[in-house]
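Take the given structure of chain A and dock chain B to it, following the hints.
Those protein sequence lines, which keep their order, are chains A and B.
Numbering follows my numbering, with no gaps: position 89 of the first sequence is 89.
Numbering follows my numbering, with no gaps: position 34 of the second sequence is 34.
Among the clues, some could well be false.
[Stated by the list, open to error] Once the Cα atoms are required to be at most 20 Å apart in a straight line, the calculated SDA-like pairs of lysine to any residue come out as:
no.	chain 1	residue 1	chain 2	residue 2
1	A	Lys57	B	Glu97
2	A	Lys9	B	Asn38
3	B	Lys26	A	Asn98
4	B	Lys69	B	Glu5
5	B	Lys70	A	Lys57
6	A	Lys71	B	Glu97
7	B	Lys26	A	Gly58
8	A	Lys9	B	Gly40
9	A	Lys9	B	Arg41
10	B	Lys26	A	Arg44
11	B	Lys70	B	Leu48
[Said to hold, decoys possible] Partial chain A-side listing against chain B, Cβ under 10 Å, derived:
no.	residue
12	Gln6
13	Tyr33
14	Met41
15	Gly42
16	Tyr48
17	Asp56
18	Gly58
19	Asn98
20	Asn99
21	Phe103
22	Gly104
23	Pro105
24	Gly106
It should be emphasised that the hints constitute simulated quantities derived from the structure, not laboratory data.
This structure is a prediction, so every number in the text was calculated from the model and none was measured.
Glycine is no exception: its CB is placed at the ideal position from the N, C-alpha and C atoms.
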Amino acid sequence: NAGVTQTPKFQVLKTGQSMTLQCAQDMNHNSMYWYRQDPGMGLRLIYYSASEGTTDKGEVPNGYNVSRLNKREFSLRLESAAPSQTSVYFCASSLTGNNEQFFGPGTRLTVL
Amino acid sequence: SQQGEEDPQALSIQEGENATMNCSYKTSINNLQWYRQNSGRGLVHLILIRSNEREKHSGRLRVTLDTSKKSSSLLITASRAADTASYFCATSLPPQEYIFGTGTRLKVLA
Numbered sequence: 001n002a003g004v005t006q007t008p009k010f011q012v013l014k015t016g017q018s019m020t021l022q023c024a025q026d027m028n029h030n031s032m033y034w035y036r037q038d039p040g041m042g043l044r045l046i047y048y049s050a051s052e053g054t055t056d057k058g059e060v061p062n063g064y065n066v067s068r069l070n071k072r073e074f075s076l077r078l079e080s081a082a083p084s085q086t087s088v089y090f091c092a093s094s095l096t097g098n099n100e101q102f103f104g105p106g107t108r109l110t111v112l
Numbered sequence: 001s002q003q004g005e006e007d008p009q010a011l012s013i014q015e016g017e018n019a020t021m022n023c024s025y026k027t028s029i030n031n032l033q034w035y036r037q038n039s040g041r042g043l044v045h046l047i048l049i050r051s052n053e054r055e056k057h058s059g060r061l062r063v064t065l066d067t068s069k070k071s072s073s074l075l076i077t078a079s080r081a082a083d084t085a086s087y088f089c090a091t092s093l094p095p096q097e098y099i100f101g102t103g104t105r106l107k108v109l110a
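Here chain A stands alone, though its shape is the one from the complex (with noise of 0.2 Å):
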């Protein structure tokens, strides 16, 4: 089992530009996450779903784009690049809500 994997580990971006995180997890875990890490703060929920089909806003969704493709994944879409979007960027699955989560090993995003 290869958990849940994250591509890509670090990107690079300009202001305005687009790009897509991708998650995947074998687990077969209905809920899937993405949070932000900043440093000082501490993770923040981007948005997160609940099973396949359905997505929800968390803590911070401003700026970002979600899309459960299936089951097993869960992307995240920056439309237009800004550089408070600078950040590392977790995905995360549970079984369901109210158990522990796995995490995946992160994205490194820079936007200059």
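Showing chain B alone in chain A's frame:
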């Protein structure tokens, strides 16, 4: 806004000593979880305590939960250099949101 606040922000101890970190939160929860993050890595789940539980143990870890004070503590006994990491509490809120605290950076000196 941040739901969980860990205290202290940073902690430095000698190998073999116990490490205690605290978490406070603001609203009613389904459960509270503790995670560890090694530098540059993803988070790893340590332990989950449900809102109707008061104490839980897992190996060298002991977690307490006081819902009346909206607080939790994580005790790591007989710490090792490998325990050096950041520790986060996360509160599970209905329907499916998790709110993470700002973390405690633990350094265990050999």
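Going down the list of hints, with the structure as the test:
Restraint check for A/Lys57 and B/Glu97: satisfied, since their Cα atoms lie roughly 9 Å apart, inside the 20 Å limit. With a C-alpha separation of about 16 Å, the suggested pairing of A/Lys9 with B/Asn38 holds against the 20 Å cut-off. Between B/Lys26 and A/Asn98, the direct Cα distance comes to roughly 18 Å. Compliance with the 20 Å bound is thereby established for this hinted pair. Simply put, B/Lys69 and B/Glu5 have alpha-carbon atoms about 13 Å apart, close enough for the 20 Å limit, and the pair holds.
The straight-line distance between the Cα atoms of B/Lys70 and A/Lys57 is roughly 25 Å, outside the 20 Å bound, and the hint therefore fails. Using a Cα cut-off of 20 Å, the hinted pair A/Lys71 and B/Glu97 holds, with the two alpha carbons roughly 19 Å apart. Of the supplied pair hints, the one linking B/Lys26 and A/Gly58 holds, its CA atoms being roughly 17 Å apart against a limit of 20 Å. At roughly 11 Å between alpha-carbon atoms, A/Lys9 and B/Gly40 fall within 20 Å of each other, so this suggested pair holds.
Note on A/Lys9 and B/Arg41: the hinted pairing holds, with a Cα-Cα distance of about 11 Å set against a maximum of 20 Å. Between B/Lys26 and A/Arg44 the CA atoms are separated by roughly 16 Å; this keeps the pair inside 20 Å, and the hint holds. Distance restraint check for B/Lys70 and B/Leu48: the Cα-Cα separation of roughly 15 Å lies within the 20 Å cut-off, and the hinted pair is therefore satisfied. This hint holds: A/Gln6 has a C-beta 9 Å from the nearest C-beta of chain B, less than the 10 Å allowed.
The beta carbon of A/Tyr33 is positioned within 10 Å of a beta carbon in chain B (closest approach about 7 Å), and the interface hint is therefore held. Hint on A/Met41 holds. Least Cβ distance to chain B is approximately 7 Å, under the 10 Å limit. Annotation: A/Gly42 was flagged as interfacial toward chain B, and the flag holds, the nearest CB pair being 4 Å apart, inside 10 Å. Contact between A/Tyr48 and chain B, as hinted, is supported at the beta carbon level, the nearest pair being about 6 Å apart and thus within 10 Å.
Interface restraint check for A/Asp56: the shortest CB-CB distance to chain B comes to about 7 Å, inside 10 Å, so the restraint holds. Using the Cβ-Cβ criterion of 10 Å, the hint placing A/Gly58 at the interface with chain B is satisfied: the shortest such distance is roughly 6 Å. With 10 Å as the threshold, the beta carbon of A/Asn98 comes within range of chain B, its nearest partner Cβ sitting at about 5 Å, so the hint holds. Interface hint status for A/Asn99: upheld, as the beta-carbon distance to the closest one in chain B is roughly 8 Å, under 10 Å.
Annotation: A/Phe103 was flagged as interfacial toward chain B, and the flag holds, the nearest CB pair being 4 Å apart, inside 10 Å. Hint status for A/Gly104 relative to chain B: holds, with the closest Cβ pair at about 6 Å, below 10 Å. A hinted interface residue such as A/Pro105 counts as satisfied when its beta carbon comes closer than 10 Å to some beta carbon of chain B; here the least separation is about 5 Å, so the hint holds. With its C-beta approaching chain B no nearer than about 6 Å, A/Gly106 sits inside the 10 Å limit, and its interface hint holds.
Hint violations for this structure: number 5 only, all remaining hints satisfied.
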